[in-house]
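Number of protein chains: 2
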Amino acid sequence: MKAALLIIGDEILNGTTLDTNSQYLARQLEGLNIKVVERNTISDKKEAIIKGLDHCLANADLVVTTGGLGPTKDDITKKTIAEYFGVELVMNHDVLAQVESFFAKKNRPILEVNRLQALVPENCMVLQNKMGTAPGMLIEHNGKILVSMPGVPHEMQYITENGLLPYLEILNNGQEIIHHHLHTIGVGESRIAQQLEAIEDSMPAHIGLAYLPSPGMVKLRLTGVSEGENNTKSQIAGLANSIKQTLGTIVFGEGNTSISQVIGEQLLKTGKTLSTAESCSSGYLAQLITQTPGSSQYYEGSIVAYSYRLKKELLGVKHDTLTEHGAVSEETIIEMVEGGRKKLGTDYAIATSGIAGPGGGMPNKPVGTVWIAVASQNQTITKKWQFGSDRARNTHLTAIMGLEMLRRLLLNLPQF
Amino acid sequence: MKAALLIIGDEILNGTTLDTNSQYLARQLEGLNIKVVERNTISDKKEAIIKGLDHCLANADLVVTTGGLGPTKDDITKKTIAEYFGVELVMNHDVLAQVESFFAKKNRPILEVNRLQALVPENCMVLQNKMGTAPGMLIEHNGKILVSMPGVPHEMQYITENGLLPYLEILNNGQEIIHHHLHTIGVGESRIAQQLEAIEDSMPAHIGLAYLPSPGMVKLRLTGVSEGENNTKSQIAGLANSIKQTLGTIVFGEGNTSISQVIGEQLLKTGKTLSTAESCSSGYLAQLITQTPGSSQYYEGSIVAYSYRLKKELLGVKHDTLTEHGAVSEETIIEMVEGGRKKLGTDYAIATSGIAGPGGGMPNKPVGTVWIAVASQNQTITKKWQFGSDRARNTHLTAIMGLEMLRRLLLNLPQF
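Residue numbers (this note's numbering), protein chains in the order written: chain A, 311 to 726; chain B, 311 to 726.
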């Protein structure tokens with residue numbers, strides 16, 4: 311089954327708002343072996359919506375639209391859809407009850423414009439939206455399926471999980487797309503491709519390998535279609551093993567995981583605890599660590615010591631160390647990580663200190679200079695990294711390289 | 311001038327990777343009065359690229375493609391583009407020099423597959439890429455412009471800022487799209503629309519108002535086209551004032567700003583300092599604060615006290631308070647914010663403690679229960695928030711509501 315996504319909204323098209331719905335929908339549909347063959351983002355104007363519906367319904371079996379279903383004057387998707395199919399809008403009493411209950415729970419008065427959200431095209435099946443007031447609408451027409459959902463992400467996700475996916479599950483036809491992900495860190499795409507050249511050249515035609523770079527990492531994705539008795543699954547498993555053996559240390563995880571989850575699993579396994587002492591990463595490292603469910607079992611907390619004063623008072627960094635070497639130095643990072651580990655009373659610690667940018671660069675310490683240290687009771691490992699000039703990217707790289715240095719310490723692997 | 315974006319990549323289409331390039335490009339083009347009229351995301355297959363080029367070149371004057379320009383076997387955009395225009399690929403020596411220099415700087419050996427990245431369609435103008443190895447390529451054809459760039463975000467951004475935008479600036483034709491943004495927090499879209507109904511009904515036809523909700527906030531965007539002597543600019547300014555007067559306290563900022571920037575400006579103006587004591591927001595509040603350039607002038611740091619032990623040892627929360635009331639309580643949040651403010655030695659502090667989810671909910675404290683407190687030397691303000699069940703959303707709402715409570719404290723505005 312082929313799907314097309316029609317993302318409706320000037321605010322998406324002109325860049326005011328980032329579209330995260332498409333990624334979410336594509337992943338959900340992929341899990342049901344429904345392949346997204348195109349994704350079109352259009353203006354919330356009637357003509358654009360009609361053109362978009364024409365085009366997508368011609369090219370796909372399932373068309374999912376998001377956006378244009380709010381209670382304000384610039385929302386016209388519903389009316390356009392009703393016109394498109396030549397049907398009337400009718401009041402749906404389940405939706406009306408949901409809208410009234412939504413406002414009652416929040417102790418807010420319901421407005422006429424919200425009641426009108428309970429009008430739906432008479433040929434649609436309503437997909438309830440308990441997260442808001444605009445219902446999802448599903449229309450079957452000439453063997454095709456059109457689904458229209460609000461653009462607000464958590465409302466669209468609710469409707470997808472509770473209404474759309476259950477409906478689609480009955481249409482699945484026995485085919486299965488198999489993905490296998492390998493996660494690598496610290497080496498660039500072309501170097502990895504060179505190491506894997508022999509493996510790639512000998513891969514069967516029905517299996518593909520994609521390189522998915524992100525800052526500091528390259529995710530490798532093996533893909534194949536499994537049907538009935540064929541052995542695609544075991545072929546992919548075999549290829550994954552060959553790749554792991556070839557690449558060695560730089561492979562930090564497999565499947566649906568993250569560097570944060572990998573170190574979490576190791577800490578849980580060994581019953582050890584972790585804390586962090588951050589400067590330039592400003593709490594982002596703590597964020598990454600705590601995104602893994604259950605992290606409170608091994609992660610105690612972080613000291614974000616942005617100023618000299620707090621580096622001294624909270625982490626015990628010596629005044630002379632700061633004045634002689636500066637905050638961004640090996641001497642300071644050692645005192646940060648060892649002081650932090652003792653003050654926070656954990657088995658392991660990660661510390662970061664650097665110049666994230668855009669300002670703050672100096673002749674001998676340009677923007678992107680970052681010291682990272684990891685410490686256990688017996689060992690302190692430091693490394694000076696030279697990242698680029700993009701602040702957000704530097705913050706992210708700092709945190710993930712800190713986690714990777716910890717992984718190598720935990721698993722006794724060669725450090726960078 | 312109308313633009314179409316053609317986003318190439320299976321990994322985008324199937325949801326593996328989030329497309330942030332489109333938003334970036336749309337914003338940059340909007341600044342030059344170039345309107346993105348459509349955005350299409352397609353597979354990196356030759357047929358899809360050809361269809362996409364046909365469609366976009368028919369509907370727009372400027373077509374920008376991203377993706378499909380890496381050194382690995384699944385990158386085919388360049389070859390397809392050369393075929394599309396019926397030209398050869400030729401070696402570009404500036405690009406070759408850049409590729410060689412890129413590898414030399416990183417102390418990495420250059421591979422043949424990277425040298426091949428210096429081949430470009432013979433009818434193209436090269437847009438240098440100093441962040442990587444794949445050059446941007448600009449082709450003028452039949453009065454249209456096609457620009458092809460790598461999909462890696464920071465490389466695409468470099469090429470856009472240093473190559474594409476300077477080229478486009480000469481084509482600007484004197485028209486100006488005027489946007490005016492107003493930022494509101496804490497009230498839902500339909501309530502705001504109700505309050506603005508009279509203003510909206512009386513707005514001239516050539517000016518539009520869009521509602522752009524995000525978690526906890528609604529951004530309002532007034533848009534009009536200014537040409538020559540017309541007074542769209544002053545009309546929009548007048549409407550913005552009416553809206554601000556009507557909505558009152560909930561408007562926290564105007565133009566290109568953020569809640570973090572607004573509190574930063576106020577702290578700078580008064581020469582005051584800020585620290586944070588976080589539990590459930592896990593460093594995200596520190597992150598938001600430090601994203602504002604210059605924040606080190608007023609922000610000293612954060613204690614992320616994830617465990618009971620660190621709440622006691624680092625913030626001075628009393629053992630009995632925790633055992634009697636739990637971490638998520640008014641009693642604890644008061645001790646966290648007052649203890650944090652004193653320990654970190656700042657004029658103001660924000661503290662957060664709650665249940666972000668997905669686990670951790672209890673009958674009397676369901677997931678989404680979050681206590682937030684702000685404190686000055688003389689005043690401590692607390693509030694219990696009831697957010698939803700989505701962890702990332704709860705983390706974000708916690709941080710922005712903490713910043714808003716601080717803003718109201720700093721400006722002596724009525725609290726929530």
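It is possible that some hints are incorrect.
Just so you know, same-sequence chains aren't split out, so a pair can sit in one copy or run between any two.
[Stated by the list, open to error] Derived PhoX-like pairs (lysine-lysine); straight-line CA-CA distance at most 20 Å:
1) K652 with K622
2) K582 with K389
3) K415 with K440
4) K361 with K694
5) K622 with K361
6) K415 with K694
7) K345 with K312
8) K675 with K416
9) K355 with K345
10) K694 with K416
11) K653 with K389
Derived by calculation from the structure, the hints in this document are not laboratory data.
None of the values given here were measured: they were computed from a predicted structure.
Comparing the hints with the structure gives:
1. K652 with K622: both (14 Å within a copy, 16 Å between copies)
2. K582 with K389: So K582 and K389 fail the 20 Å test inside a copy (58 Å) and across (53 Å) alike.
3. K415 with K440: Answer is within: at 11 Å inside a copy they meet the 20 Å cutoff, but 55 Å across does not.
4. K361 with K694: neither (54 Å within a copy, 48 Å between copies)
5. K622 with K361: Answer is neither; intra-copy 63 Å and inter-copy 62 Å both fail.
6. K415 with K694: between (53 Å within a copy, 16 Å between copies)
7. K345 with K312: Result: close within a single copy only, 5 Å intra versus 30 Å inter.
8. K675 with K416: between (53 Å within a copy, 17 Å between copies)
9. K355 with K345: between (27 Å within a copy, 14 Å between copies)
10. K694 with K416: So K694 and K416 pass the 20 Å test across copies only (14 Å; inside, 51 Å).
11. K653 with K389: Result: close neither inside a copy nor across copies, 62 Å intra and 58 Å inter.
Violated hints for the displayed structure, listed by number in ascending order: 2, 4, 5 and 11.
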